[in-house]
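Modelling step: build the complete structure from the supplied sequences, incorporating the hints.
2 protein chains.
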Amino acid sequence: MKIYNNPPPSEWASLTKRPLTNHDDLVDSVNTIIKDVKLNGDDALIKYAKKYDDAELDSLAVSTNVIEAAADKVSRELKQAIQLAYNNITKFHSTQLVDEEIIETMPGVKCWRKSVAIQKVGLYIPGGSAPLFSTVLMLGIPALIAGCSEIVLCTPPNKKGLIDSSILYAANLVGIKKIYKVGGAQAIAAMTFGTTTIPAVYKIFGPGNQYVTKAKEILQLQGVAIDMPAGPSELLVVADTSCNPKFVAADLLSQAEHGVDSQVILLSDSAEVINSCLSEIDIQIQYLPRQSIALEALRQSKSIVFDTINDAFNFSNIYAPEHLIIASANASIYVDKIINAGSVFLGNYSCESAGDYASGTNHTLPTNGNAKSYSGVSVDSFVKKITFQEITDKGIMNIGRAIEVMAEAEGLMGHKNAVTIRLNEK
Amino acid sequence: MKIYNNPPPSEWASLTKRPLTNHDDLVDSVNTIIKDVKLNGDDALIKYAKKYDDAELDSLAVSTNVIEAAADKVSRELKQAIQLAYNNITKFHSTQLVDEEIIETMPGVKCWRKSVAIQKVGLYIPGGSAPLFSTVLMLGIPALIAGCSEIVLCTPPNKKGLIDSSILYAANLVGIKKIYKVGGAQAIAAMTFGTTTIPAVYKIFGPGNQYVTKAKEILQLQGVAIDMPAGPSELLVVADTSCNPKFVAADLLSQAEHGVDSQVILLSDSAEVINSCLSEIDIQIQYLPRQSIALEALRQSKSIVFDTINDAFNFSNIYAPEHLIIASANASIYVDKIINAGSVFLGNYSCESAGDYASGTNHTLPTNGNAKSYSGVSVDSFVKKITFQEITDKGIMNIGRAIEVMAEAEGLMGHKNAVTIRLNEK
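Residue numbers (the working numbering), protein chains in the order written: chain G, 1 to 426; chain H, 1 to 426.
None of these hints come from the bench; they were simulated from the model.
Please note: incorrect hints may appear among the correct ones.
Repeated chains share a single entry, so a pair holds when one copy, or any two copies, can fit it.
[As the list claims (entries may be wrong)] Straight-line C-alpha distance at most 27 Å; calculated DSS-like pairs for lysine-lysine:
1. 337 with 385
2. 177 with 337
3. 385 with 120
4. 17 with 38
5. 91 with 385
6. 79 with 302
7. 160 with 47
8. 50 with 38
9. 91 with 79
10. 385 with 159
11. 160 with 120
12. 120 with 17
13. 394 with 79
14. 91 with 38
15. 17 with 35
16. 385 with 114
Structure follows, in structure tokens:
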């Protein structure tokens, strides 16, 4: 980890920049896949399963029997852990669905919003080295709470053409029955256009590799909504002298092991704190199975000593991290300094992995500086808020003249007339 | 208006399709403008003002004096109307900013969300034939309520290099001081990258022509967020026998006068109702100044008679209209049938123009079927909801084992270790 000592604000912009992750070179191959899926549907999906997942598939759908049998292959301890996470995530997300009050803006003019579930949603769960059943919970539970009537899940099969049991178990727990063995850009295309087997959806959620990300980017211009732009995962820790350097090191490493492109930043107002944390990293990293990945990620990471903790928070707000840990015994006094972040972990015992799995908050969060303008996934992401208004014959008398005057000033006499004709009827 | 009689559901998909409004041919010219603004900043903007707005500009910013003097040029009646709209929009939108409760998902594990304003936002207000001061209110008021610290407004100048007084007046009322004479794709590029005069923002809002829309589409892939995808404005009316055909005709015409590409759809379970409404359109259209635009829009519009009112709502949900009027004396009984719509107007006295201007709801709404997955603009659009969690030393004892088990099952031992090291400290 490179250490910077109190860099002047003029250097902050470049220090907060992420490495370029532009995959424009992928556009052609992703577009080819998209066109193929649009044209050839299931046949294309079975072909790509062979090509990219090395899997011979007879059918794309996972049968109900297979979904239900998965429970037998998941250990009792893991089932209990998943249940605890399920309960906490459900408890937190349930409070996000609210009935909004009816506002009478003027006598006879009532306005309100109603949250209505997005009917058809698609969840993409990456395959690869680890089965991300936690993401099934993080996307499936808010979809369930929102009341989405059709939830489709795509995830790539392994070489035997199978889906990991823990993913199937988590999906079944959430009530997802439509599970398909499709990965990559082809999965995003299938959920956008629909195929004989896979239903088209209105909004697609979930992380993925650069092919998946590029496909979501391209297809959101063709009518499907997506959760948010994606980028490599990030953690920024602000540590003061009341932190526990062992804990900080463990948290930084938990982020670094995600991938070689993971972003890890450590800020403090104490050089000693930084040195202690870095020494701890050197010790702890030796025991990590994913040591080489973590080492590579740390090589691009930064530790910065600032004169004041205030400067550290100013820097953090410019960086706008996906995950922000306040490693301090007095974390709550810093809350109001936080302007841009995806999810914040307060105090020495709030580790990022708690939020990744089981505390109750969502782990699908804005990366790459998008925390300046995007929220993480929540029940909000699975509903539209439709506005309603009900104006009575008396209400239009109260509001009508103002509308006529404004419509005329904008040169829209048809708009004006829609009011005039009602006022004249009285 | 073409009349369809009870089309079978197999034809609904094609009947709900919008005419193609793909402006891919614009990509090259918009990209040229974007690159020019990124490279040459203010100079490029002044050049394009000359080229596209026929305006010679000395400076891009509107001075405080000019902004404040605008009030003298707005009639007292229009000021009163704007004030009434301002009050209603503020009253309705103020209720959208809520303090969310802290949820203790398990003893010692607290989670909550905090709404924090997007610091820097950009509002685009189109120029052209009419000054859309109403859109200044619809975007500026929620930005003000959210607490955005920097609100930038771009709008094209007229040939004299001036901005309409009503736009300046509305902006000043909302407290917007940063107003720039820039239109088109160049305005979107300026607010994305920033220039010497114009600040860069994190999210851009507002309607516009195909150049503006294409620029928002392209630039959202380069780090700036946008409100939603844009398309021509739409109105769908479901009218039963208790409607007032004069009112329905006036509402359909108010939509048709927007532009030749406006979408107008009338559904009913009564052929008589449809005939009466169309006869009324023929009468009322004669008196409209924008008659030729409305005629052109109506040529592409559809009236459909269904066997049942239920079919009409099923069709409407597939169409997913931006504006939906329930023209019925008993509109409230239909509310639960509405699944996909931007804003809904209930009953014979709730005309669309009320929502366009002054009832309190927002008029920036999803078009082109996007109401299936997008909400209209609200205070939500101007904030991020940051999640927080605070886990105590006792809390990690309650939740720690579950995290360890799940992290290990996903093969992420660094994630596990961040918990283990805390549990072992106890």
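Intra/inter-copy verdict for residue 177 and residue 337 if alpha-carbon distance must be at most 27 Å
between (44 Å within a copy, 26 Å between copies)
Pop the pair residue 337 and residue 385 into one bin, within, between, both or neither, using alpha-carbon distances up to 27 Å.
For residue 337 and residue 385, the Cα distance is within 27 Å only across copies (15 Å; inside one copy 30 Å).
Up to 27 Å between alpha-carbons, please classify residue 385 paired with residue 114: within, between, both or neither.
both (5 Å within a copy, 19 Å between copies)
Checking residue 91 and residue 38: alpha-carbon separation at most 27 Å within a copy, between copies, both or neither?
neither (39 Å within a copy, 47 Å between copies)
Pop the pair residue 50 and residue 38 into one bin, within, between, both or neither, using alpha-carbon distances up to 27 Å.
within (18 Å within a copy, 44 Å between copies)
For residue 385 and residue 159, with the copy left unspecified, which applies at a CA distance of at most 27 Å: within, between, both, or neither?
Neither, since 42 Å and 40 Å both go past 27 Å.
For residue 385 and residue 120, with the copy left unspecified, which applies at a CA distance of at most 27 Å: within, between, both, or neither?
Cα proximity of residue 385 and residue 120: in one copy and across copies (16 Å, 24 Å).
Quick one: residue 120 to residue 17, C-alpha cut-off 27 Å, is that within a copy, between copies, both, or neither?
between (36 Å within a copy, 18 Å between copies)
From the Cα coordinates, with 27 Å as the cut-off, is the pair residue 17 and residue 38 best called within, between, both, or neither?
Intra 37 Å, inter 18 Å, cutoff 27 Å: inter-copy only.
First find the shortest C-alpha distance between residue 394 and residue 79 inside one copy, then the shortest across copies, and answer within, between, both or neither for a cut-off of 27 Å.
between (60 Å within a copy, 23 Å between copies)
Could you figure out if residue 91 and residue 385 sit no more than 27 Å apart (CA to CA) within one copy, between two copies, both or neither?
This pair counts as both: shortest intra-copy Cα distance 22 Å, inter-copy 17 Å.
If the cut is 27 Å between Cα atoms, do residue 91 and residue 79 qualify within a copy, between copies, both or neither?
Cα proximity of residue 91 and residue 79: one copy only (18 Å, versus 48 Å across).
Violation of the numbered hints given earlier is confined to hints 6, 10, 11, 14; the remaining hints are satisfied by the structure.
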